[in-house]
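Asks: Listed here are the chains, written in short residue letters.
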Amino acid sequence: MKEKMQRLLEEIKRDLIFLANEVEHNIRMSIKALIKQDAVQADQIIDKDRDIDKMEVDIENKFLTLLALQQPVAIDLRFIVGGLKMNNDLERIGDHAVNIARTVKDLVGVPLIKTVEDLPEMSDMACSMLHDVVNAFVHQDPELARSVCQRDSTVDKFYDEMIKKNIEIIRKQPDKLEQGFNAAKVARSLERVADLSTNIGEDVVFMKEAKIIRHGLED
Amino acid sequence: MDFETTQKSVQSSTQVNFTERIVIETRALDFYYSPENKALKNINIKIPEKKVTAFIGPSGCGKSTLLRCFNRMNDLIPGSYLTGEVSIEGKNIYENGIRLERLRKKVGMVFQKSNPFPMSVWENVAFGPKVNGINNNEELNAIVEDALKQADLWKEIQDRLDQSSLDLSGGQQQRICIARALANKPDIILMDEPASALDPISTGKIEETINELKSSYTIVIVTHNMQQAARISDYTAFMMLGELIEFSETKRMFTNPREKLTEDYITGRFG
Numbered sequence: 001m002k003e004k005m006q007r008l009l010e011e012i013k014r015d016l017i018f019l020a021n022e023v024e025h026n027i028r029m030s031i032k033a034l035i036k037q038d039a040v041q042a043d044q045i046i047d048k049d050r051d052i053d054k055m056e057v058d059i060e061n062k063f064l065t066l067l068a069l070q071q072p073v074a075i076d077l078r079f080i081v082g083g084l085k086m087n088n089d090l091e092r093i094g095d096h097a098v099n100i101a102r103t104v105k106d107l108v109g110v111p112l113i114k115t116v117e118d119l120p121e122m123s124d125m126a127c128s129m130l131h132d133v134v135n136a137f138v139h140q141d142p143e144l145a146r147s148v149c150q151r152d153s154t155v156d157k158f159y160d161e162m163i164k165k166n167i168e169i170i171r172k173q174p175d176k177l178e179q180g181f182n183a184a185k186v187a188r189s190l191e192r193v194a195d196l197s198t199n200i201g202e203d204v205v206f207m208k209e210a211k212i213i214r215h216g217l218e219d
Numbered sequence: 220m221d222f223e224t225t226q227k228s229v230q231s232s233t234q235v236n237f238t239e240r241i242v243i244e245t246r247a248l249d250f251y252y253s254p255e256n257k258a259l260k261n262i263n264i265k266i267p268e269k270k271v272t273a274f275i276g277p278s279g280c281g282k283s284t285l286l287r288c289f290n291r292m293n294d295l296i297p298g299s300y301l302t303g304e305v306s307i308e309g310k311n312i313y314e315n316g317i318r319l320e321r322l323r324k325k326v327g328m329v330f331q332k333s334n335p336f337p338m339s340v341w342e343n344v345a346f347g348p349k350v351n352g353i354n355n356n357e358e359l360n361a362i363v364e365d366a367l368k369q370a371d372l373w374k375e376i377q378d379r380l381d382q383s384s385l386d387l388s389g390g391q392q393q394r395i396c397i398a399r400a401l402a403n404k405p406d407i408i409l410m411d412e413p414a415s416a417l418d419p420i421s422t423g424k425i426e427e428t429i430n431e432l433k434s435s436y437t438i439v440i441v442t443h444n445m446q447q448a449a450r451i452s453d454y455t456a457f458m459m460l461g462e463l464i465e466f467s468e469t470k471r472m473f474t475n476p477r478e479k480l481t482e483d484y485i486t487g488r489f490g
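Residue numbers (our numbering), protein chains in the order written: chain A, 1 to 219; chain B, 220 to 490.
Among the hints, a few may not be true.
Quick list of in silico lysine-lysine cross-link-like pairs, DSBU-like style, CA-CA up to 30 Å [as the list claims (entries may be wrong)]: (1) B:260 <-> A:13; (2) B:470 <-> A:208; (3) A:32 <-> A:54; (4) A:208 <-> B:479.
If you want a taste of the chain A side facing chain B, the calculated C-beta under 10 Å gives, among others [what the hints assert, rightly or not]: (5) 2; (6) 3; (7) 5; (8) 209; (9) 210; (10) 211; (11) 215.
The hints are simulated quantities; they were obtained by calculation from the structure and are not laboratory data. Even for Gly, the Cβ is constructed at its ideal location relative to N, Cα and C.
Take the sequences, apply the hints, and build the full model.
Replies: This is the structure:
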């Protein structure tokens, strides 16, 4: 009976890793599409999100079935509670890829504001957080998860700087308002990707150590 | 062996800082079924008042043996003996001069298999009080009614008090046994897998009864059903190979046990 639960947990773990890879790929593609102003790629990202949504629902159903039929406790129960939250966070990261893709479609043929040049770097920072936190999940490594959480403030700082630069440009060139607003929307999505990756890091610590570190509770 | 190494590190995992009064306490308790067969090894545990404490662990871990030390039921096993101390309300119950009938009136017991006497419902429940010298029928009627109400059986059975207890369902028979224990007005009730032979509905009723009783009684229950321990108990003790491995608040035990052995057992990774 318990072996069956372990098999099911492993299966869900694989599903979550697959979902995380798909989501990370979509975020990276959305920034590439932005730089190339590629509406076709933007549409592909939006289509792909339907698969991501379906995966999220399937994973949630598997968790619910496990809870109902196997009555997990201790580390297994924490894995399920943390995994459910992670599943939800990954789906929301997927939604941010869609938000960026929609902005790409709005910007096709429009000259880009200079601050857009900062976005690939910001995307790399956010995506590497996501990538590393998924590794922390795969290896159930709370120290790696904590180190990812600490990187969130760097992304926040980068975001604040970029917004300041954006405002400066718009002040000097009010006709850039729309482009500046769209660039800020993309930056905001990337900043949220970093936040959600941080949430996943907190979930990994909870799964492994039963400690709640969000809201500064570990300090 | 790993298990022995782990043992040295688990002392702190069996200590609970209670806010409640302690009613049962063992100190350095070793129990032997024979000189070669040591069933309990250095058990130090404190059990708080008016709470449900569950003992869990694999078969043969000593949980029923420990339970039966609390009202000296093991005395009936030829060749068995113990060292160390078992105190109820601060008094060592293995001292000379302890009157067993008084001890067992104070510490009632319900067994795995319901064992009503081949008598009517009324006679079963009134049996203990009568043995203890209560002969007034009005008083006995009140005791029977009160005990059956506490065992959540009164509504079902108030018109059938003359019926033989053996004609009742398994679940009702077990609650008769609980009522019979309650009629002696004990302070402590020991339950050795009281619902293991019952269907889910009867089990649910027994669990509800236990939940209601804990406001008035200290309850110690042995169960193989870990989910049952999680549902009904306030504190849980995990035992293995005659040793107390971990004793914690139940909510702690089932979400974040201190000991790897406990976690491996409750998540089914061994046992």
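Asks: A separate judgement is required for each hint: does it hold in the structure or not?
Replies: Results for each hint:
1. The suggested pairing of residue 260 of chain B with residue 13 of chain A is violated, with an alpha-carbon distance near 41 Å, which exceeds 30 Å.
2. A threshold of 30 Å between alpha carbons decides the hint, and for residue 470 of chain B with residue 208 of chain A the separation of about 17 Å falls inside it, so the pair holds.
3. For a cut-off of 30 Å, the pair hint linking residue 32 of chain A to residue 54 of chain A stands: about 24 Å separates their Cα positions.
4. The straight-line distance between the Cα atoms of residue 208 of chain A and residue 479 of chain B is roughly 12 Å, inside the 30 Å bound, and the hint therefore holds.
5. Taking 10 Å as the C-beta cut-off, the interface hint given for residue 2 of chain A holds, the closest approach to chain B being about 3 Å.
6. Interface hint status for residue 3 of chain A: upheld, as the beta-carbon distance to the closest one in chain B is roughly 8 Å, under 10 Å.
7. Contact between residue 5 of chain A and chain B, as hinted, is supported at the beta carbon level, the nearest pair being about 7 Å apart and thus within 10 Å.
8. For residue 209 of chain A, the suggested interface contact is upheld, since its CB lies about 8 Å from the closest CB of chain B, less than 10 Å.
9. Interface restraint check: residue 210 of chain A against chain B, minimum CB-CB distance 4 Å, threshold 10 Å, status holds.
10. Taking 10 Å as the C-beta contact cut-off toward chain B, the hint placing residue 211 of chain A at the interface holds, the least distance being around 9 Å.
11. Annotation: residue 215 of chain A was flagged as interfacial toward chain B, and the flag is violated, the nearest CB pair being 19 Å apart, outside 10 Å.
Checked against the numbered hints above, the structure breaks hints 1, 11 and satisfies the rest.
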